[in-house]
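Q: Protein sequences appear in the order of chains A and B. Each residue of the first sequence is one higher than the last, beginning at 1 in this note's numbering. Each residue of the second sequence is one higher than the last, beginning at 1 in this note's numbering.
In case anyone wonders, no lab produced these hints; they're calculated from the structure. Any given hint could be a false lead.
[As the list claims (entries may be wrong)] Listed next, the in silico DSSO-like pairs over lysine-lysine satisfying Cα-Cα at most 27 Å (straight line):
no., chain 1, residue 1, chain 2, residue 2
1, B, LYS4, B, LYS87
2, B, LYS4, A, LYS212
3, A, LYS212, A, LYS397
4, A, LYS216, B, LYS130
5, A, LYS216, A, LYS319
6, B, LYS173, B, LYS28
7, B, LYS125, B, LYS28
8, A, LYS319, A, LYS221
9, A, LYS212, B, LYS28
10, B, LYS87, A, LYS221
11, A, LYS487, B, LYS125
12, A, LYS487, B, LYS27
13, B, LYS130, B, LYS28
14, B, LYS27, A, LYS221
15, A, LYS221, B, LYS4
16, B, LYS28, A, LYS487
17, B, LYS162, A, LYS487
18, A, LYS212, A, LYS52
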Amino acid sequence: MASTTILETVEDSSRSLPFREEIDEHRGHPGIRATTFSYGQINDDMLEMLEKPHPSYFLLVLGFLSALLLGAVSLAIQVDVGIGNSGISHPIAWGFYITDFVFWIGIGHAGTLISAVFYLTRAPWRTAIYRSAEAMTVFAVLTAGLFPLLHTGRPWLAYWLIPYPNERYLWVNFKSPLAWDVFAVTTYMSVSIMFFLLGLVPDMAILRDEAKRRGKILQAKIYAIFAMSWRGTNHQWIHFMRGYLIFAGLATPLVFSVHSIVSWDFAMASIPGWHTTIFAPYFVAGAIFSGLAMVMTVLIPVRVVFRLEDYISNHVINKVCQVILFTSMIVGYAYATEFFIAWYSGSPYERAVFYFRPFGHMATWSLTGDQPVSFPLLAFYLMIFCNVIAPIPLWRKKVRNNLVAVWIICGLINVGMWFERFNIVGSSLQRDFHPYNWGEYWPTLVEVGITIGSFGFFFTLFALFMKALPPMAIMELKEAAEPPMRKGHHEH
Amino acid sequence: MSTKFSGVWGTFEYLDDTTEAIEELRKKGVEPTVLSPCPRHEIDHALGEPQSPLPFISLFFGAIGCTIGYSLPAWTASDWVLPVGGKPVVAITPFTVIGFEMTILHAAIFTLLGLTILIIIESLKNPIPKAAREYLRFQRDRFGIVVRCEASQYQLYEDLLKKYQAEEVYVEKG
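Please model the complete structure; the sequences and the hints are all you need to start from.
A: See below:
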């Protein structure tokens, strides 16, 4: 291999001016300076993140816990009083809870995409962010899983969703998309958790030995339990790496299947606005879109707080932004296609629903008394603005390198994607075939409280994760880094 | 199986020293155990590209999961027949979703179990000395080579490891 060096511009936000840095093509991955660090330095940097947190961390966790508490109180009221306490009623049987469910399942897609799909496609920039994204997947799917149970109204009977032998010969209906959903979500949750825990084992061994080295015996003993006697022998690595590859191979179709199956909850129904074949790819693209936006929403502050410019570099953020931009275009195209097909189908019901979404006067919400605001209309225009228009600046590299701009855009995408889910769930049920069957939906405070609580649940878990477990895969960072060689560079 | 270890082990700072020592050991007919802070393809190459049987375990249990995924809905649909809307009682297309999910779930669970069992078996077959297990820098920045051998070969392998710049070499006399 030629021994030339390449020049690459790396903009470092911690400095006032961009600087040009020489990156040897043999040493690490271009754009991720951490891959030029020694193995020991990578260990030290990661351990530093697990040190005693700054008091502001506790304040942040307290804020998340307050949201969680609000959710818990709302949940208690909902379960105690019953589903009648929500705004869900005929004809809108699916409201905030199913919106939240679809939203959180979507958020959960980025982790598996980054950890499995980009692993198989050998995208080196995933290394620094995949562990956090994977943790987000696990927490988002756990959050999502609560909503269908809650939505049933009697969550203590949730086991009825599982096919188990009973004296009444009563089996679940396997031809129903709702039964498919139970299988899809539980499989996704199980595989995501296993994949996450599997990747953690070598890192827990690192933490165990580093804790011992530093004389922290109690910590070492706790980490040793999770390290499961890992020593890093070639026999362990060979099975581990093969297992990891198999898991990536198994998780990859799951990324695409789970949200396809969630979309069929809608598409299998004959309701106008739902009964369309575009839903599966449309939902999957939207899930990846929202998931990656959430990854950026969370990891940009993490990068700033922990000074991780060498790990979560601008190069990495650029790559994520490019995928966000690509999926934004797919989502925008899907919105346009929905309208075109509604018109082209000639079905008056389809046309009506797609007329009502942008122009219809559905439920009104009066903030000021005289000027009612249509909530579904608001949802529609927020969806278009946040998901299609707001990401357009990401075409410019300058914007992609601006952390504040990326963070704001990703925040808007999170908002837009929640409203997209509401737009799908709510508006079609409000206006189905027969005007006699039309109705309105208003969320109650309990539903709003539970929705806020779900964000509290997700962010509390993530904040605890950041301080309890290595937020980056130490083993993979080392694998991507230049190994110590006596005779110079190694051949990639 | 005796777990009492007899042999030689050494630590290395550099990967190329480690791989050269492995190659030399393999030329002498020894299959060493190598410790490293992360997986390195150079080590696999020096060890002759060993393979894991794990994919066969995943495939086998994935196939079982697929069978369960199709047969459970088919059996339950036949157990109490509910003919609705002219749809077939045993409907392959909707059952494919369950078949797919069960394939993935079973393959994943048994990959994890298989991986754990294979690693336990390998650890029993290729024990490493307690001192090497407790050497804390293998998880940080050092490579290690463990050679299981008779007392008569201690000197030979100790010299070989030192020849390839081992930082520390230890003899474990059973």
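Q: Now tell me, hint by hint, if it's right for this structure.
A: The hints, checked one at a time:
no., hint, verdict
1, B:LYS4 <-> B:LYS87, "66 Å, violated"
2, B:LYS4 <-> A:LYS212, "25 Å, holds"
3, A:LYS212 <-> A:LYS397, "45 Å, violated"
4, A:LYS216 <-> B:LYS130, "20 Å, holds"
5, A:LYS216 <-> A:LYS319, "39 Å, violated"
6, B:LYS173 <-> B:LYS28, "21 Å, holds"
7, B:LYS125 <-> B:LYS28, "20 Å, holds"
8, A:LYS319 <-> A:LYS221, "39 Å, violated"
9, A:LYS212 <-> B:LYS28, "36 Å, violated"
10, B:LYS87 <-> A:LYS221, "59 Å, violated"
11, A:LYS487 <-> B:LYS125, "34 Å, violated"
12, A:LYS487 <-> B:LYS27, "22 Å, holds"
13, B:LYS130 <-> B:LYS28, "25 Å, holds"
14, B:LYS27 <-> A:LYS221, "40 Å, violated"
15, A:LYS221 <-> B:LYS4, "25 Å, holds"
16, B:LYS28 <-> A:LYS487, "24 Å, holds"
17, B:LYS162 <-> A:LYS487, "17 Å, holds"
18, A:LYS212 <-> A:LYS52, "17 Å, holds"
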